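S.K.: One letter stands for each residue in the lines below.
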Amino acid sequence: DTGVSQDPRHKITKRGQNVTFRCDPISEHNRLYWYRQTLGQGPEFLTYFQNEAQLEKSRLLSDRFSAERPKGSFSTLEIQRTEQGDSAMYLCASSLTDRAFLNTEAFFGQGTRLTVV
Amino acid sequence: QQPVQSPQAVILREGEDAVINCSSSKALYSVHWYRQKHGEAPVFLMILLKGGEQKGHEKISASFNEKKQQSSLYLTASQLSYSGTYFCGTVTTDSWGKLQFGAGTQVVVTP
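Residue numbers (this note's numbering), protein chains in the order written: chain A, 1 to 117; chain B, 1001 to 1111.
Hints in this document: simulated from the structure, not taken from any laboratory.
Mixed in with the good hints, there may be bad ones.
[As the list claims (entries may be wrong)] Once the Cα atoms are required to be at most 30 Å apart in a straight line, the calculated DSS-like pairs of lysine-lysine come out as:
hint, chain 1, residue 1, chain 2, residue 2
1, B, 1026, B, 1068
2, B, 1037, B, 1026
3, B, 1068, A, 14
4, A, 57, B, 1068
5, A, 57, B, 1026
6, B, 1037, A, 11
7, A, 57, B, 1059
[Said to hold, decoys possible] Label pairs and their calculated CB-CB ranges:
hint, chain 1, residue 1, chain 2, residue 2, range
8, B, 1013, A, 5, 35 to 41 Å
9, A, 76, B, 1110, 18 to 24 Å
10, B, 1051, A, 13, 24 to 30 Å
11, B, 1014, A, 66, 29 to 35 Å
12, A, 85, B, 1067, 23 to 29 Å
13, B, 1110, A, 7, 34 to 40 Å
14, B, 1080, A, 97, 31 to 37 Å
Every value quoted in this text rests on a predicted model; they were computed, and no experiment measured them.
All C-beta atoms in this analysis are idealised placements derived from N, C-alpha and C, irrespective of residue type, glycine included.
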């Protein structure tokens, strides 16, 4: 098991373009999170999935953001019509929940650094 | 609701001790501690569960005060490798699935 994998590691895009990031969680991890982190701040919750179901989406996530996790395996995060304020590190994490669907430890990927110019 | 961490930063000499605090305005189910080095992903250190015991990881340990809805991380006899930013992540009893992070505490250990 190689851990949580994210692709690409870096993305530079022009304002107004669409971008898509991919996250491959640790196999058998049923919970997958997306976070955004800007310099000097903690990871900011965006959304999470339990298997293929998207259970919660942050109010911070505008309509330009969409995430999917088809078949409960990898996940994609798409940002449409990117803005300069979207520049950040996008982190994915996965965890295995227990029988009560409660959290065990979450493991992070290396992140995708997005720069919007 | 994000947890609040204190202090924002601490500078230590090798071998010194430090305490990082994490507090929540909501009832906690669990607290997760992570360390992040510059340009890297956060790395899991330990998890403390409601009603659980104090945990340890090398010379880093943590406690969970359910009454005060607080957790503290103890860095004992700090080593240079302990430098980084420490984040607490919390799961509250009214939001089981979501792990919310504090703003972080930057720790610098000098020789």
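S.K.: Each hint: holds or not?
M.R.: Against the structure, the hints come out as follows:
At most 30 Å may separate the alpha-carbon atoms for a hinted pair to count; residue 1026/B and residue 1068/B meet this at roughly 10 Å. Taking the CA atoms of residue 1037/B and residue 1026/B, the gap is near 29 Å; set against the 30 Å cutoff, the hint holds. Distance restraint check for residue 1068/B and residue 14/A: the Cα-Cα separation of roughly 47 Å exceeds the 30 Å cut-off, and the hinted pair is therefore not satisfied. Pair hint residue 57/A plus residue 1068/B holds up; C-alpha atoms about 29 Å apart against a cutoff of 30 Å.
With a CA separation close to 20 Å, the supplied pair residue 57/A and residue 1026/B stays within the 30 Å bound. With a C-alpha separation of about 21 Å, the suggested pairing of residue 1037/B with residue 11/A holds against the 30 Å cut-off. In summary, the hint linking residue 57/A to residue 1059/B is not supported, as the alpha carbons are separated by about 37 Å, beyond the 30 Å threshold. Range check, residue 1013/B to residue 5/A: about 38 Å between beta-carbon atoms, so the 35 to 41 Å window is met.
Between residue 76/A and residue 1110/B the beta carbon distance is about 43 Å. The supplied range of 18 to 24 Å is therefore violated. Separation of residue 1051/B from residue 13/A is about 47 Å and departs from the stated range, judged on CB atoms against 24 to 30 Å. Roughly 47 Å separates the CB atoms of residue 1014/B and residue 66/A, a value that falls outside the hinted 29 to 35 Å. The supplied range of 23 to 29 Å is broken by residue 85/A and residue 1067/B, whose beta-carbon atoms lie about 40 Å from each other.
Take residue 1110/B and residue 7/A: their Cβ atoms lie about 37 Å apart, and the range 34 to 40 Å holds. Distance hint check: the CB atoms of residue 1080/B and residue 97/A are about 36 Å apart, consistent with the given range 31 to 37 Å.
The structure fails hints 3, 7, 9, 10, 11 and 12 (numbered hints given earlier, in ascending order).
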